[in-house]
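Trainee: Sequence:
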Amino acid sequence: INALVRLADPESSLSGIASGTFRIDGTADSPRMSGDGDVVAVRYGDVALDTIDISLRHQNHVSDWNLSVRHEGRDMLTGLVSLPIQVAFVPFRLKRLDSPMSGRIRADVMPAALPAGLVSGLERVNGTISGELILGGTPFDPALDGGFMISGGMTYP
9 INALVRLADP ESSLSGIASG TFRIDGTADS PRMSGDGDVV AVRYGDVALD
59 TIDISLRHQN HVSDWNLSVR HEGRDMLTGL VSLPIQVAFV PFRLKRLDSP
109 MSGRIRADVM PAALPAGLVS GLERVNGTIS GELILGGTPF DPALDGGFMI
159 SGGMTYP
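Going by the working numbering, the residue at position 114 of the sequence shown is 122; the numbering climbs one at a time, nothing skipped.
If you are wondering where the hints come from, they were derived from the structure by calculation, not from laboratory data. Virtual Cβ for every residue (Gly too), placed ideally from N, Cα, C. Take the hints with a grain of salt, since some may be wrong.
Pair ranges (Cβ atoms, derived) [as the list claims (entries may be wrong)]:
id, residue 1, residue 2, range
1, ASP116, VAL70, 23 to 29 angstroms
2, ARG51, ASN74, 20 to 26 angstroms
3, ALA49, VAL127, 21 to 27 angstroms
4, GLY129, LYS103, 33 to 39 angstroms
5, ALA36, THR59, 30 to 36 angstroms
All chains, full assembly: derive it from the sequences and hints.
Mentor: This is how it looks when you write it as C-alpha cells:
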C-alpha cells in the first residue's frame, strides 16, 4: 500500500499490506456491488495498527459501509454507515437521494496521532480520542449527535 499512497502524497508515512475483493452485478442503471478488504501490518508515522477492515454492500440505492480498525488486539475505531445513493454506470453518475441515512462511528482510546496526521503542521501528537458520532437525517439535511473527548492530548514543536 505504501507505493500507492506515495503516488498521492510523496511525504506520507503510511504503509501496510492490502487485499480485497470487489464484485459488481445487476444492471448499468441499478448495479449491485459488494466488496471486502483489509490492510494488515499498518504503520502511520509512529502508530502501528493490527488491521483495517472495510466492507461495502450497495443495492436498491442504499450503500452500507462497515469499518473496523484494530489496535493492540482490540477494536479502536468502528463505523457503520448507510447512505442513500443512486449509482449508475451508463452514463456514470452518483446522486444523493433525499432518503434517510444512518450511521455510527465509535472511537475507543484511538491514538490522537491518527487523525492529527491529516492536519498539516500537527506533528508529534500524543493522547487518545474516545467517543461516538451518530449520523441521521438525509444527505440534504444531515443530523449529527454525540461527540469525542481527547485525553492526555499534547503536541510538541
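Trainee: The structure should be examined with respect to each hint, and the outcome stated for every one.
Mentor: Each hint, compared with the structure:
Distance hint for ASP116 and VAL70: a CB-CB separation of about 27 angstroms, consistent with the stated range 23 to 29 angstroms. A beta carbon spacing of about 23 angstroms between ARG51 and ASN74 agrees with the range 20 to 26 angstroms that was offered as a hint. Under the hint 21 to 27 angstroms, the C-beta atoms of ALA49 and VAL127, about 25 angstroms apart, fit the expected range. GLY129 and LYS103 have their C-beta atoms about 36 angstroms apart, which keeps the hinted 33 to 39 angstroms range intact.
Range check, ALA36 to THR59: about 34 angstroms between beta-carbon atoms, so the 30 to 36 angstroms window is met.
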